[in-house]
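**Q** One-letter residues, chain by chain:
Protein chains: 2
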Amino acid sequence: MTTPALRGPSGVFSAALTPLDAQLNPDHAAFAEHAKWLLAEGCDGIAMLGTTGEANSFSVAERQALLEATVAAGVAPEKLLPGTGVAAFTETVALTKHALSCGVTTVVMLPPFYYKGVSDDGVFAAYSEILQRIGDSRLRVVLYHIPQMSAVPISHAVIERLLAAFPETIVGIKDSAGELANMEAMVEKFPGFSVLAGADPLLLPLRRKGGAGCITATSNLVARDLAFVYAHADDAAKAAEVDAAQARIVAARNKASKYPQMASLKAMTAHRTGQASWMRLRPPLLPLTEAQAQELAQG
Amino acid sequence: MTTPALRGPSGVFSAALTPLDAQLNPDHAAFAEHAKWLLAEGCDGIAMLGTTGEANSFSVAERQALLEATVAAGVAPEKLLPGTGVAAFTETVALTKHALSCGVTTVVMLPPFYYKGVSDDGVFAAYSEILQRIGDSRLRVVLYHIPQMSAVPISHAVIERLLAAFPETIVGIKDSAGELANMEAMVEKFPGFSVLAGADPLLLPLRRKGGAGCITATSNLVARDLAFVYAHADDAAKAAEVDAAQARIVAARNKASKYPQMASLKAMTAHRTGQASWMRLRPPLLPLTEAQAQELAQG
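So the protein lines, in turn, are chains S and D.
Residues in the first sequence are numbered consecutively from 1, following the working numbering.
Residues in the second sequence are numbered consecutively from 1, following the working numbering.
In isolation and in its complexed conformation, chain S is listed as follows (with noise of 0.2 Å):
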């Protein structure tokens, strides 16, 4: 391995589902028992509300009272890795700033994502709006590409400007775009910026190149594996076990990915918890049949 020293986080971090009660507001004991679930399974750290927390279908104070909720439920917020990038620059600074205040460093920060096409100036200058007015030394940002949600990729480019003005801010990047090129160039251009694979099978492929870990959505399942992929990526005495535990996580992500990835995960952590709430998504996305998660279940 020749990762060199990272200045943001590593290891394998959980994009947590958050299960939601019969009027579709999160459940916020429920989601603090996972979260310590997923911690104690291996994770190094929870990034909730993102993209498969449905975090953009829950308003601002929504997503307040589920991070509070979970360090009042005793999960240490330095574990916690919200997502706070909105469309409204206000209420992402409003977000990052509530963060901080719970005791939280490291957040995973969406560019304004209503616009599309928006110039690598429009980018830079929306993170650099943000980064100014919350003007906190603590902060810690990983930004997030995800341009099949977003539609607003973040470029090397940017990414280099950001470095250049706020270099103790800009950490890392989570990469859900699924190219394991892309990442890799990152790793070999920005040497101690943390990047971090947004799909599950890419960790053990990654980190042979010096990448800092995974936050994925497949690790809502499979964490004790992603984590021991994670510690012994390069380890020729494991070699066997690690292969069968990225298996094990390629079959999970594959299972996942016949019915809609989020209602699919959703359905599996309700079989394996028994709970009701796991099985809900908001709208407009929409949980899984009756029939299709018995089969999710069974098979």
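Bear in mind the hints are in silico, worked out from the structure with no lab data behind them.
Hints should not be assumed to be uniformly reliable.
Because identical chains share one entry, a pair is satisfied inside a single copy or across any pair of copies.
Straight-line Cα separation of at most 30 Å, BS3-like style, residue types lysine-lysine; simulated pairs [said to hold, decoys possible]:
1) K255 to K116
2) K209 to K97
3) K116 to K97
4) K79 to K255
5) K238 to K97
For chain S, the structure is supplied; the task is to place chain D on it using the hints.
**A** Only chain D this time, still in chain S's reference frame:
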């Protein structure tokens, strides 16, 4: 003209720009002044806080404050059609209820726009959940089809289901995709449903096919011409004047399209009013350069 009695808004509605002060906050006074000017120019109403109005770059509180200030400044709330659709349905509910509390009756509602590739069932479920939670018989909703920004198109199948489920509430659609054929098809398929063009040059041809009017961006510059075209689209005695007005509309739109449209419209409005607050945009959108703005002012 074969327009059947429309249940929704008809006429020319301006997708009004939002002026910003030096801190990038909405300039309430300048906005109210602009709204009054647009009405005086012949607009039938102001579709404030839409895509052109940078609504999704403002917080919920900022949106509510601008609406309240506009009504307080003397603009009749029944002339205002604010955008209230955001990514989180609970905030869409809150914004819509707030608009109703201000005396507004008709809103323009985007579907939740963060998740992409959502099903028709999901889009229907989102609107359904929102409308049931609002539960106010006064409300009239114009759907908002702008797939190039929202990336969540509104299909005819969804409209059909919404009309069946909420026949009093769902009264029209703003179609900003720019395809006249789709607008004509909706006029044909959904009698009484207000189909509003989102592109200025399409007001004339759509009106001649029974469309309800338009909600457009160039109206910030040429509302008077749009109002003339709307009123006289089928008036053979005024064909030459209609053609001349249409030519000015097309020219204004083309002029505003050389550089990014919203920045161009703002620069031209700054030139007309002499007010600096029209030059500013919230990132990720950026203002024109001084040279670009001067070019538009002179051209």
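**Q** How would you label the pair K116, K97 (within, between, both, or neither) given a Cα cut-off of 30 Å?
**A** Both: 26 Å inside a chain and 28 Å across chains, each within 30 Å.
**Q** Reference check for the pair K255 and K116, CA-CA at most 30 Å: within, between, both, or neither?
**A** between (32 Å within a copy, 21 Å between copies)
**Q** State whether the alpha carbon distance between K238 and K97 is at most 30 Å within one copy, between copies, both, or neither.
**A** Classified as neither; 43 Å inside a copy, 59 Å across copies.
**Q** I want to check one pair: K79 and K255. Are their C-alpha atoms no more than 30 Å apart within a copy, between two copies, both, or neither?
**A** within (28 Å within a copy, 52 Å between copies)
**Q** Up to 30 Å between alpha-carbons, please classify K209 paired with K97: within, between, both or neither.
**A** neither (34 Å within a copy, 52 Å between copies)
Checked against the numbered hints given earlier, this structure breaks hints 2, 5; the rest are met.
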